[in-house]
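Chain residues, written in single-letter form:
4 protein chains.
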Amino acid sequence: MLQNITQADTRTKNLGPCKIKSPLHLNHNHQGREVLYYPYIQDQEATFGGVSFEASLPEKQIYFDPNKVHAAIVTCGGICPGLNNVIRSIVLRLWYGYGVRNIWGIRYGLQGFIPTFNLDFLPFNPRVVSNIHELGGTLLGSSRGDQSPEEIVDCLERQNINQIYLIGGDGTLNAAQLIENEIEKRGLKIALIGIPKTIDNDIAFVSRSFGFETAVEAATEAIKCAHAEATSFPNGIGLVKLMGRHSGFIAASAALSQRDVNFVLIPEVNFDLEGEHGFLEVLKQRILDRGHAVLVIAEGAGQNYLNPDPTEKDQSGNVKLKDIGLFMRNSISAYFKTQEIAINLKYIDPSYMIRSIPANTADGLYCATLGQNAVHAAMAGKTGLVVSMWHGVYCQLPIPLAISQRKRIDPQEGLWKNVLESTGQPSFLPHCEL
Amino acid sequence: MLQNITQADTRTKNLGPCKIKSPLHLNHNHQGREVLYYPYIQDQEATFGGVSFEASLPEKQIYFDPNKVHAAIVTCGGICPGLNNVIRSIVLRLWYGYGVRNIWGIRYGLQGFIPTFNLDFLPFNPRVVSNIHELGGTLLGSSRGDQSPEEIVDCLERQNINQIYLIGGDGTLNAAQLIENEIEKRGLKIALIGIPKTIDNDIAFVSRSFGFETAVEAATEAIKCAHAEATSFPNGIGLVKLMGRHSGFIAASAALSQRDVNFVLIPEVNFDLEGEHGFLEVLKQRILDRGHAVLVIAEGAGQNYLNPDPTEKDQSGNVKLKDIGLFMRNSISAYFKTQEIAINLKYIDPSYMIRSIPANTADGLYCATLGQNAVHAAMAGKTGLVVSMWHGVYCQLPIPLAISQRKRIDPQEGLWKNVLESTGQPSFLPHCEL
Amino acid sequence: MLQNITQADTRTKNLGPCKIKSPLHLNHNHQGREVLYYPYIQDQEATFGGVSFEASLPEKQIYFDPNKVHAAIVTCGGICPGLNNVIRSIVLRLWYGYGVRNIWGIRYGLQGFIPTFNLDFLPFNPRVVSNIHELGGTLLGSSRGDQSPEEIVDCLERQNINQIYLIGGDGTLNAAQLIENEIEKRGLKIALIGIPKTIDNDIAFVSRSFGFETAVEAATEAIKCAHAEATSFPNGIGLVKLMGRHSGFIAASAALSQRDVNFVLIPEVNFDLEGEHGFLEVLKQRILDRGHAVLVIAEGAGQNYLNPDPTEKDQSGNVKLKDIGLFMRNSISAYFKTQEIAINLKYIDPSYMIRSIPANTADGLYCATLGQNAVHAAMAGKTGLVVSMWHGVYCQLPIPLAISQRKRIDPQEGLWKNVLESTGQPSFLPHCEL
Amino acid sequence: MLQNITQADTRTKNLGPCKIKSPLHLNHNHQGREVLYYPYIQDQEATFGGVSFEASLPEKQIYFDPNKVHAAIVTCGGICPGLNNVIRSIVLRLWYGYGVRNIWGIRYGLQGFIPTFNLDFLPFNPRVVSNIHELGGTLLGSSRGDQSPEEIVDCLERQNINQIYLIGGDGTLNAAQLIENEIEKRGLKIALIGIPKTIDNDIAFVSRSFGFETAVEAATEAIKCAHAEATSFPNGIGLVKLMGRHSGFIAASAALSQRDVNFVLIPEVNFDLEGEHGFLEVLKQRILDRGHAVLVIAEGAGQNYLNPDPTEKDQSGNVKLKDIGLFMRNSISAYFKTQEIAINLKYIDPSYMIRSIPANTADGLYCATLGQNAVHAAMAGKTGLVVSMWHGVYCQLPIPLAISQRKRIDPQEGLWKNVLESTGQPSFLPHCEL
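Residue numbers (this note's numbering), protein chains in the order written: chain A, 20 to 453; chain B, 20 to 453; chain C, 20 to 453; chain D, 20 to 453.
For the record, the hints were derived by calculation from the structure and aren't laboratory data. Heads up, a few of these hints could be off.
Identical copies carry no separate label here, and so any pair may be met within one copy or between two of them.
In silico BS3-like links for lysine-lysine, alpha-carbon gap of 25 Å or less [unchecked claim]:
no., residue 1, residue 2
1, LYS208, LYS32
2, LYS32, LYS87
3, LYS356, LYS332
4, LYS426, LYS341
5, LYS436, LYS339
6, LYS436, LYS38
Source: prediction; values computed, not measured.
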């Protein structure tokens, strides 16, 4: 569902030529280290076939003298499993891999750069981070909302920071681009590296965002609970609301893993609530046939029924979504009352219990590798990029590319087809061809 | 906080003399097998010292011929970790321990006895139950609400049931007593055994109700999440609502285990919300001093602020509590707005994710032993009792005793003192002496 | 490290044209559904560029009439997390997706086909498999060793089996090819589908074998324990032996996830035990410098020190490896005794605790999808193939291709470079260029 | 199975009268705060009835001026889940409860007091311990073996230590008594408090040792694996060796929790290996009847078959046990070979994976409370005691009482009877009366 891009979109920037011998001694074979954007054979091969991303690798020569590096790490926006793993990995790579000794943690997101918030930098060393990967949340604290790029770059200059690692989502990467522009305008030699964060897994050209697998695992536990509730009472209905503002990856993946789910509703696929083919009627049939049902709904689904006010925004500038979970709970209750069918509806909204847990093993490996690739990129003088994984290969993307579009589930593709097959759910639209 | 009882209250009933040799061959030493109600030395020794409960042990002789036993198992009320473990243990003990072959599962609680619900009995054997302890909820299904004792005993007679195992809470035990009375009135030789279920741990003379430790474990995970959220944002407040209608055992125990909690509010201890010593003011001081706070509240706390309508009851006949969690969330938000302090408040309500999970190891052992003691009691022709654990010893209580009062936290005792010490929280009442 | 293949190697076989309308109604867009073997741009593009695998998708038309399908499922060889998930998925897809009602489980691997073992077939339906994914091991039982292909195909004919699902590793796929040959020789219309199983993740052209992520998660727990032991005592050494006969993927991945590991030894990379650059000397320096060390070793590493007897084979026909874990434990102890350094060495061999646990969430999703793709392939009359995932896309491989070579870690590639970087370990060879 | 004691044995010592007002303000009601040793009614009431232990409570007045406290914490012997929780609790109670600011961690057990080991004290504050309860092992390090009491008390004097918290087992408590004697001999005002540690749960007059429940949980996981292995292969036998040198509590409890175990062998109960009623013959019958078996054996069981050399001792002075697990594995293999029955035997020895994990929730609560009671006792000038829990009440025992005897499973009591009932195992002795 991602749109076409050109090769030019994929090239990253460099602060200058690398002339210092890297202390790493990991002679990578760079031959052919470009990963194809589209690894399928198809008609559009002419369009897609040639586009590739730069692989992410330690370089033989680096741009920065490790003794002169002053690095800053900052976490922004909502929390997500694995933040502490990324922080830890950056610190350990800088310290042990390159011998960097000046590493600073910025407190509470971009606020930490702004003098009026009066927040000290946290000095980092291996001891400070040794066990933080066992904890959820972010050791540094985070915050939402914009801060002035000029003030931020003033701070970087004042503190001699020449590497900045920004861990954050959409909004943060937008801010990062503005900071990068300001850095460039002033002609500073500061490497800015983004580590894209989104529990929804909706960043373009990033196969899988960190924390996502952990989130799916936690979501699966919530679905197990919904299933236990649904099957333990007559006409039991378990309703689980999961994260996913624009993309239903968590809902779809958790449903596919647990396979006890009967209905999945996601932002990418419209549904009718009422009418002969509408969701409520189909749910009624399921209850009459089988005596229980489990429904998973992503928070961004069905917003057409809620009419969120487009002018009401949260601190990150996103339109405030109305609560589809409560809406569905009430709609289902009301509907079955009109049908004179007694149900036992249990509503589970596990949101903070999903995003604030520690990373699982797979995310542990992934976060550590992302952090380490971020360090390699910065040490090589690369800037204005995010680290990514694509088709199983670690690579690098220019920030503008990463924020150019949003990854969403394509209803014509395998993931959603698989959900339809597993749940057996129909389209909830009249005369619909999926 | 439990009231005085007399020895007479503690004696259980028997259908008749035991004349059949038990197949168990576990010659227990019965000497001194009465467990003291009050194991402390104190002034009131005269009052309490002599009262004891009957220990729960397999007998050398039994009342029922195993070939002629027709046993029924039923689960009632809300679900709770360990229900399937208890069912499994009863089935396996009857089958392998005594050679009973007619064991039936009653579907959806007491409804399963009533012809109009048209629910088949589920035939039990070891294969059916072999893995159910890995699952939350109840294999049998459950339901709330009363059914006619006469209709139930009609069903028992019609189906030749002579042992009935009722797993349920307060309401169920009340119903059990009515069924028992009806059985006695008709002069039937049916053993009725209760296995008391309450995730709140509030049954009198039962040291620990099954599922409680699992619930505390799950509650602890929710608190960890609240702590991660609270520490990850400026002026972060994590608010967790936990189960506990009348008793705050889950809230207190989870807070004591995780030790990251700053405030615990429970039904047994009143608090002022406003005023100089009130909760909101104390919370404000904490936020100003430390920048974050974690608050755990039991669902039955602070009901004086909510004025639940005493005539509005749920299916189990309990007064419907209003939602103290949402009330506190709104109160805290409103208060800090008046104080012009920006906070980041995250509200976590994990309820169904606590009660619908499988039993942990400790509850696995406990549920299995309760189930097995229930079988021993029934086979010995005992009736009208519940199985219990008291001071670490398995024992038996007459149903009337078990429902005579409710176990609650005594604010003058160790558990609550320990909470006060761990959290450092003051009384939230004016001029209070705790 | 995989060798070159040609496009011809990648084409699968079909029993005949598909003329029956599929009940699935999941109209996939088949355009361009071939996934490139090599998704990099490079010099060898001429060699690799054109080769592609067939994607795995439900078809619009199928070969078998669901009413006439008699399907058999069999699990062979060692157990592995996810076996029950795959079984469950095949049963549920056949039953609910296509309406197949004759599904049989074969007991104890290929023995279940052979009359002398006298093993009944297990009749499958959704109820039998509903919760088996919560359990480790295999519901069907398994066994090692060959059985006569003629006897197996005799059994298939006798029982009217026309779909056979074989879940197994190397040896099983070899056997599968022999069975397939026998089927073809007799001109039978039997679809044979393999689901490749190897906890070691060493099957060619399969990006990730099912159960592998779960195994890495469990291995990580063992490493945490080794780290706790190593840091809790003076000169503490934690030594963990992990699975990996020919390939060190589990050892490498677990070390990368936990990042507390100082040394990783795998079959793909030789090491000297003694000498100036040898492992023991490097370990001694680490102990003198830091006071503790964690070492992870794959079971197939260092076999040159053990000289396994090439004629001594296990039931699956593999050369019996000698125990490198015990050898290293003894070598380290002896060496430090000669150096007069007191150490606290703890040896952890978690093998069965890794392979016999239930699948985690990610493997749950993966196993279910593999099972479902196996069913789609069989229903479409495909045969002699295995289901696979490659570059994140589900595809199909002819059995001969899957068993043509073994996937191993390439010491020149990212995974191993990453291990070297994370651990900081040197080559343990003299004058070595890694 | 514990022997009789007198009231005099139960009285603890005090350094002097308490004259300083405690900062705690937790006015406990001390009335009747003595917990009966024996809470049963029985014939021997005359003997046991009067003996009671002192309850463990915060006092209104304390002995030490918090400003003048210099506290030392030390962990000795093998590791066990919960060590870090106890350390953390002691530090937090001293710091926040009493305002103590001089708290030191002693490195690597008693070695940390001895100058020749040249180990610095670790300065403690809340930040150092904030997350250590998420980790297994001990932050302080530990060691085995005796050190000179004189040298230790020299160190205490030199460093002005006036409170010492010793966390350790049998051997450590013996050492503690010698240190206490030396302190008394020199007339020093040093409070010495022991927190008894034994994963085996074998300390007298301590209902449950910390870490034990976590160990049982981990042991249960090992049994699940053994069961999966045993049921996945023809004639599968899963053999699990668990900790328990003198007492089989872990083996018995884990078997009772999982209920998939067919045989449990513990040190307290002898068994014949061979002969008509011997274990091997019974195991054979089970295999012939059911096709699989799970066996759990405590490390101290069956030592009569191994003849450990009583002069060969480990660093803690315990006789080195021979490995009963390997012995049984070999004996079983050899026996079935003579019987010409092919078996699939899997041996699981999870030892370090049990003792080195973090504490679970129940142990988290328990460890924190023990630590806090230790602090209350020390601040009140009590000395030469250990903190304990008895019949669910926290209390205090003089060290000589705690080391006077060892707690073991009584084969005539409920726990073992329950194991026999659950497993259905017979006595493995000829002409035996259980």
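Now the hints, each set against the structure:
1. LYS208 / LYS32: Intra 12 Å, inter 59 Å, cutoff 25 Å: intra-copy only.
2. LYS32 / LYS87: Intra 21 Å, inter 61 Å, cutoff 25 Å: intra-copy only.
3. LYS356 / LYS332: Cα proximity of LYS356 and LYS332: across copies only (18 Å, versus 35 Å in one copy).
4. LYS426 / LYS341: within (22 Å within a copy, 41 Å between copies)
5. LYS436 / LYS339: neither (30 Å within a copy, 43 Å between copies)
6. LYS436 / LYS38: between (51 Å within a copy, 22 Å between copies)
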